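Please take these sequences and the hints and turn them into a complete structure.
What follows is the residue order along each chain.
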Amino acid sequence: MSEENWIEVGSTDSIEEEDLIRFDHQDKTFCVYKLTDGFYATDGICTHEAVHLEDGLVMDDEIECPMHQGIFNIKSGEALSPPACEDLKTYPVKVDNDKIFIKID
Amino acid sequence: MKNNIIILGGGQAGIYAAREIRQNDSKSSIKILGKENLLPYERPPLSKDFLLDKKNEEDLYFHSSDVLKDENIEFENVSISKVDFENKKLFAKNDHVYSYDSLLISTGSENKKLSLDNNLKNDIYYLRNLEEAKKIKEIVSNKNKITIIGGGFIGLEIASSLSQLQKKVIVIEIGNQLMGRIIPKQIADLVQNTHIEHGNEIILNKQIEKITKKNGDYEILLNDNSLIETDFIIAGIGSTPTVKLFENTNLKLDNGIVTNQFCETSIKDVYAAGDVSNFYHPFYKRNMRLESYQHAQNHGICAGKNIAGVKTEYTSIPWMWSDQFNLNLQLTGICDEYDEIIERGNDINNGVIYFFLKNNKIRGACGVGIIGKVGRDIRITSKLSEKNTIVDKQTLSDQNLKLNKLMQK
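Residue numbers (our numbering), protein chains in the order written: chain A, 15 to 119; chain B, -19 to 389.
It is possible that part of the hints are untrue.
[What the hints assert, rightly or not] Below, a list of computed lysine-lysine pairs in the PhoX-like style, where the Cα atoms sit at most 25 Å apart:
| id | chain 1 | residue 1 | chain 2 | residue 2 |
| --- | --- | --- | --- | --- |
| 1 | A | Lys42 | B | Lys35 |
| 2 | A | Lys89 | B | Lys190 |
| 3 | B | Lys34 | A | Lys42 |
| 4 | B | Lys(-18) | B | Lys92 |
| 5 | B | Lys93 | B | Lys190 |
| 6 | B | Lys69 | B | Lys115 |
| 7 | A | Lys103 | B | Lys35 |
| 8 | B | Lys338 | B | Lys291 |
| 9 | B | Lys114 | B | Lys28 |
| 10 | B | Lys193 | B | Lys93 |
| 11 | B | Lys341 | B | Lys165 |
| 12 | B | Lys101 | B | Lys15 |
| 13 | B | Lys92 | B | Lys114 |
| 14 | B | Lys193 | A | Lys89 |
| 15 | B | Lys165 | B | Lys114 |
| 16 | B | Lys7 | B | Lys165 |
| 17 | B | Lys34 | A | Lys103 |
| 18 | B | Lys341 | B | Lys291 |
Hints were generated in silico from the structure; no laboratory data involved.
Model, not experiment: these values are computed from the prediction.
Structure follows, in structure tokens:
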């Protein structure tokens, strides 16, 4: 894995705890979350319909889509509640000098 | 024990029930009897993305035939003409007889029709199923001035789609506001403004006296003697539960099939779910009948659990949405039992929500905003309501304060 895969998202204080921010890179959208035990990243668009998850609700380790209430586990991407049935892709996250990086493949 | 389970009705409640039964019961046979020769599909896109060509037929199916095959769920396209609850049998129009040990009725609801002269019956279009959506899509491509009778969700969603297809659209509503059956007037007015801004004409408080066919077009006479000329008419004037099959049986009907909180009907081993069911909601301590995506899904799942022997109360807080133009409207809970209304926001670009409170607890809320702007707050509202949280009104009314601060850990 080369260093270039790590993309800087922003500073660690740009996200409140149990919340998320949207991050666009090239033609893709991601969501980066701050949970009680650290930072996580997933695709930014719901797998059910093309809706941005940035306006969704983060509860514990879950993100709920604002349109149809499909629920995903943020850490594993697993689709937990219909209508979502396709898992959400997740991405590795690291923090370096108070900056958040995600690794995009 | 291996049971013979039949699900009468191949819509959303039916398919979610079937899969839930299978999750809990690997042995029983599960058969869905559907009136349409299509696997269960999503209806919300029919009036929106399907008309706009953003979604095709294959995008609409809940699950592929492979999923049903893997889970050993049978689907049969058949029309049932008679039910014998005593002997647990269903009789099809093609003379086939189906026996069941447990029956789920998920026949849904059907469109109310305008009472018109017989010679106009085939001239008015309605939208509920895929076939109707296909027909409307095909015909409107050659039409320019379209009239929609009924200013409810379906009519307005079609009006929004047709406007985006550059059609001139007129909506005629009998009531003094749009979506009057369940949406507060404040929200309805915001939605109405958006329609008008996009060029749609909204006519309120008017009844239709007469529709006349003229050289392939139509003239609609309203009760104030005004005349509307139009070349295509679609009506969306509400729906009724599909229960004709059960009239003159022992099944208790009252605005649908009466069920308790376990989806059980008045007859043993017969369950009902989705639009067709007038169910008891233990949280609100009253019966209600809902026509929504979330309800069809969750009620189907709840029925599935109960049929499989996992006794489960239905406690979902009602939630529904409508998308019109770039607006997303959402409603949660019930908005007809309140002693106080609190407004959050006043700009549709940031979202506007009205909370309906009783004894300082949220009973319901309705909001509208540019897509994505109200979903999270409405969802938090559902949770606050469900937990009977006494809410801080300052936080509710101030859009700068986050609603999730009101949630108790």
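Violations among the numbered hints: 2, 4, 6, 8, 14, 15, 16 and 18
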